[in-house]
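Engineer: Next come the chains, spelled out residue by residue.
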Amino acid sequence: MSAVQETVDRVRRIDVDQYRYGFETLIESDKAPKGLSEDTVRFISAKKNEPAWMLEWRLEAYRRWLTMTEPKWARVHYPKIDYQDLYYYSAPKKKEIGSLDEVDPEILKTYEKLGIPLREVEMLEGVVRPEGERRIAVDAVFDSVSVATTFQKELKQAGVIFMPISEAIREHPELVKKYLGTVVPTSDNYFATLNSAVFSDGSFVYVPPGVRCPMELSTYFRINERNTGQFERTLIIADKGAYVSYLEGCTAPQRDENQLHAAVVELVTLDDAEIKYSTVQNWYPGNSEGKGGIYNFVTKRGDCRGDNSKISWTQVETGSAITWKYPSCILRGDNSRGEFYSIAISNGHQQVDSGTKMIHLGKNTTSRIISKGIAAGVSQNTYRGLVTAHRKATGARNFTACDSLLIGDKCGAHTVPYIEAKNSSALFEHEATTSKISEDVLFYCVQRGLSQEEAVGLVVNGFVKDVLQQLPMEFAVEAQKLISISLEGSVG
Amino acid sequence: MNVVLAKTDTGRALSDSFALARARLPGAGKVADLRRQAFDAYERAGLPHRRIEDWKYTDLRVLMREVLPLAAAPDRAALTRADAALKLHAIKSVRRLVLVDGVFAPKLSDTADLENGLGIRTLREVLEGGDAALQAQLFTPDNSDSMVALNSAMVTDGLVIEVADGAVLTQPLHIVHIASGGTPAAMFTRSLLRLGKAAGATLVESYIATEGAKAYQVHDSLVISIGDDARLHHVRLIEDGREAFNISSAVVTLGAHAHFNTFGMTSGASVSRYQAVVVFAGKGSRVETNGVNLLNGRQHADTTLFLDHAVPNCASREIFRAVVDDRGHSVFQGRIIVRPGAQKTDAKMMTRALLLSDEAEADNKPELEIFADDVTCGHGATTGALDESLLFYLRARGLSETEAQALLIQAFVGEAIESIVNDDLRELAIAAAQRWLAARG
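Sequence lines, in order, name chains A and B. Using my numbering, read the first sequence as starting at 1 and increasing by one per residue. Using my numbering, read the second sequence as starting at 1001 and increasing by one per residue.
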């Protein structure tokens, strides 16, 4: 009960409309001129000191993007985005940071406020940590650039490469060249192509063969600057037999105008490797009238390239005005496994169109989809998923359960699954339900002394339990609180 | 993708054939205007293709390629062949209404001694007559779907059946579509069934062809309105020739406390598509819509259902089964929408596919779109092969591989078939399933 009580207390403390992370950091920044052109692409590439091949890659993507049109199929509605009215690059002013001490203290304060540890405090002070306690290495991305990456040295000892992708392009061009754009090609879709042209930073992870990454890796994205788009690119490679768990978190200041976030995440697992990718997405969702908020148009895809490999996506989506996101798995290697666990919560005027794709190509591949959608306020929440088995994917297995919960009669919850079997040995099971919180259950809780809000919190936490259990410990607690806060104001 | 489609040769050919056929198409004035509009809508869109979401799995530009010219009115020889085919598909104690090559054949139909409250006319009569309200109802299906638009433009005949308030028909109505199959051609039909308040009826539709029929195309549509407290039992059996195309649509509107039970079975035709829209317009109504696809060879069958829960307190059940052998391709798209305010809606949909060969394909798209909170909605979908252990169990008890498979397939489709309320109709569906199994050998 204490966790629930804590949640409720937390909810009480905040008013409607209060987004915890909505503050703005006042620092000077270095921006590219407004608008998008080949010059913008060249500007970003030059800022990053990129080699010629990278610039060429970006320009090719940019030229292709010009020929593409924005996708319209998702169940989301928003005014037309003026791509010329955005800044495509913004970096805190201050160059060539040697150590954390040289990072603008304002930025460090920002991350402190967000509760993200950038200083390896205990390490520096030589505090001995209890055996088995987990530590997390963080890459912090502020607008368009990575400002700090922690625990680099310790990771290096293990052979793990964890650095901003801009650095990786310079320092490990052979790896970047080999894998970048192989999972999400530059021509993939409108937003991914745009990202390929103008991406500014993001994380790069390479875990060498046989290595189990000694700590959780994490990237924390923060949009700060006004009118900027954030286009980050993450590339994670788990070589043969490697394992890595990666966390991603996002926040942005409260603003009246909408901001664009179009990221691309590519995961590659070779034979026997595993990547666990967790996201807690809490971009600013806009105010109670639906003004402002982030447009979160993200392409995430994992490629189980090797046999017996595994990719697992876990996401808790509470923020963003609009979410358009389908973390997918291409199960290419024999016996490979894909998982997708999702909690998508929409309140106020939020619109969510999210789901996954499980593409079974190899033999005896398995996948599992657990999706929990919760719609409140006047929001619209859509699950859209594809499960497909190729002719040669003998023995493919899938289990899908997508449940939706409606809180209030002004919101909508939708399920759009595509199930395609081209192989008789494929065994697919799919189930979906939509309901509201049963009056009986609420009555039962209230009768035993819980308030209406506590009761809803309890039921919702039970509803999403299957997914929360998949999150790393630290995130699970945070996510649970986040869920209650997101639903705040939806009862009564 | 803004692809501007140049008019293809087939498109031009159809345009010409519409111009040529116009003289033969019944109706003038307003009806002719509606036809013109529908044809323009079709011409703008052309045959549906995979980029159109509703037709994602049934790309008619690949499968059908062109619309055949309008079939000629059946001559004496065609009617004789049709009569022979009818004998093979006769159903006892029904009132038979026959359309040969898209034209009503009075000599093959039973239009005498109508029960009280039953009125039957041909579509041609109605379109040429002066009943504007009825004509408007016949053109209810809108032109947003290009195949419906094409049907509206080209429709030549069909049946307009009216059942008066309170009349409960004892004899099922059986509409038979026969292709006489002389030359490759397309037939365009539309029928209307209007059930008054507290009326009751049973409607069977069969699609068959004469022996050795060539490639032909059936473009059919059905408009049904079910009055308050009325009930309709409906069965469709698609046993078209193996080179045939069958593109059918239905629009069903239910009043309050009405009951609609429908079952469709597709075992014939090379490519078939049945798209139905069921609209709940009155509270407290109930719909059961079930279906079975039995496919082999290179057959392609698509069932697309759209249930529109627009008002509160309605219930719907969908059970769909597909058995796919060889290189068959079964498609099921079921969409349930619960509109704002349609509280206490209870909607369930279950679709299952059984793949009997490695080259068979089954695509399922069960969709829920929900805008009201006090509802119970759910759907399930499974795809898989025959259970090896069940086969083994039966083999161990002395059944041959084929017998064992047949038994399991019967059980698999049984759940959908058993939901048919009317005993005679259920027997009819079972017989059709058995014919398919027997032909499988």
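Read the hints as simulated data drawn from the structure, not as lab findings. Don't take every hint at face value.
Lysine-lysine pairs mimicking DSSO-like chemistry, simulated, CA-CA at most 30 Å apart [claimed, not checked]:
1) B:1197 <-> B:1348
2) A:436 <-> B:1197
3) B:1348 <-> A:72
4) B:1056 <-> A:357
5) A:72 <-> B:1197
6) A:363 <-> B:1197
7) A:465 <-> B:1030
Label-pair restraints from in silico Cβ distances [to be verified]:
8) A:209 <-> B:1395: 45 to 53 Å
9) A:462 <-> B:1396: 25 to 33 Å
10) A:401 <-> B:1395: 47 to 55 Å
11) B:1400 <-> A:177: 56 to 64 Å
12) B:1348 <-> A:289: 50 to 58 Å
13) A:70 <-> B:1242: 54 to 62 Å
14) B:1340 <-> A:256: 45 to 53 Å
15) B:1348 <-> A:78: 30 to 38 Å
16) B:1059 <-> A:439: 44 to 52 Å
17) A:79 <-> B:1340: 20 to 28 Å
18) B:1132 <-> A:256: 49 to 57 Å
19) B:1341 <-> A:462: 57 to 65 Å
20) B:1044 <-> A:401: 53 to 61 Å
Quick partial rundown of chain A residues pointing at chain B, CB under 8 Å, derived from the structure [what the hints assert, rightly or not]:
21) 399
22) 417
23) 424
24) 452
We treat Cβ as the ideally placed atom computed from N, Cα and C, and that holds for glycine.
Engineer: Does the hinted range 53 to 61 Å hold for residue 1044 (chain B) and residue 401 (chain A) at CB?
Structural biologist: violated, 42 Å
Engineer: Do the beta carbons of residue 462 (chain A) and residue 1396 (chain B) sit within 25 to 33 Å of each other?
Structural biologist: Check failed, 45 Å falls outside 25 to 33 Å.
Engineer: If I claimed the Cβ atoms of residue 1348 (chain B) and residue 78 (chain A) lie 30 to 38 Å apart, would that claim hold in this structure?
Structural biologist: Holds: the Cβ-Cβ distance is about 34 Å, inside 30 to 38 Å.
Engineer: Take the C-beta atom of residue 70 (chain A) and the C-beta atom of residue 1242 (chain B), compute their distance, and say whether it sits inside 54 to 62 Å.
Structural biologist: Taking Cβ atoms as reference, residue 70 (chain A) and residue 1242 (chain B) lie about 44 Å apart, which means the hint is violated.
Engineer: Please test the hint of 49 to 57 Å on the beta carbon pair from residue 1132 (chain B) and residue 256 (chain A).
Structural biologist: holds, 54 Å
Engineer: CB of residue 1340 (chain B) to CB of residue 256 (chain A), is that within 45 to 53 Å?
Structural biologist: violated, 28 Å
Engineer: Does the structure keep residue 72 (chain A) and residue 1197 (chain B) at a Cα separation of 30 Å or less?
Structural biologist: violated, 43 Å
Engineer: Could you check the hint for me, namely that residue 79 (chain A) and residue 1340 (chain B) are 20 to 28 Å apart, CB to CB?
Structural biologist: holds, 23 Å
Engineer: Quick one, is the residue 417 (chain A) hint okay against chain B at 8 Å, beta carbons?
Structural biologist: holds, 6 Å
Engineer: In this structure, is the beta-carbon distance linking residue 401 (chain A) and residue 1395 (chain B) contained in 47 to 55 Å?
Structural biologist: With a Cβ separation near 34 Å, residue 401 (chain A) and residue 1395 (chain B) fall outside 47 to 55 Å, so the hint is violated.
Engineer: Is the Cα-Cα distance between residue 363 (chain A) and residue 1197 (chain B) 30 Å or less?
Structural biologist: violated, 57 Å
Engineer: Holds or violated: is the Cβ of residue 452 (chain A) closer than 8 Å to a Cβ in chain B?
Structural biologist: violated, 15 Å
The structure fails to meet hints 2, 5, 6, 7, 9, 10, 12, 13, 14, 19, 20, 21, 24 from the earlier list, while all remaining hints are met.
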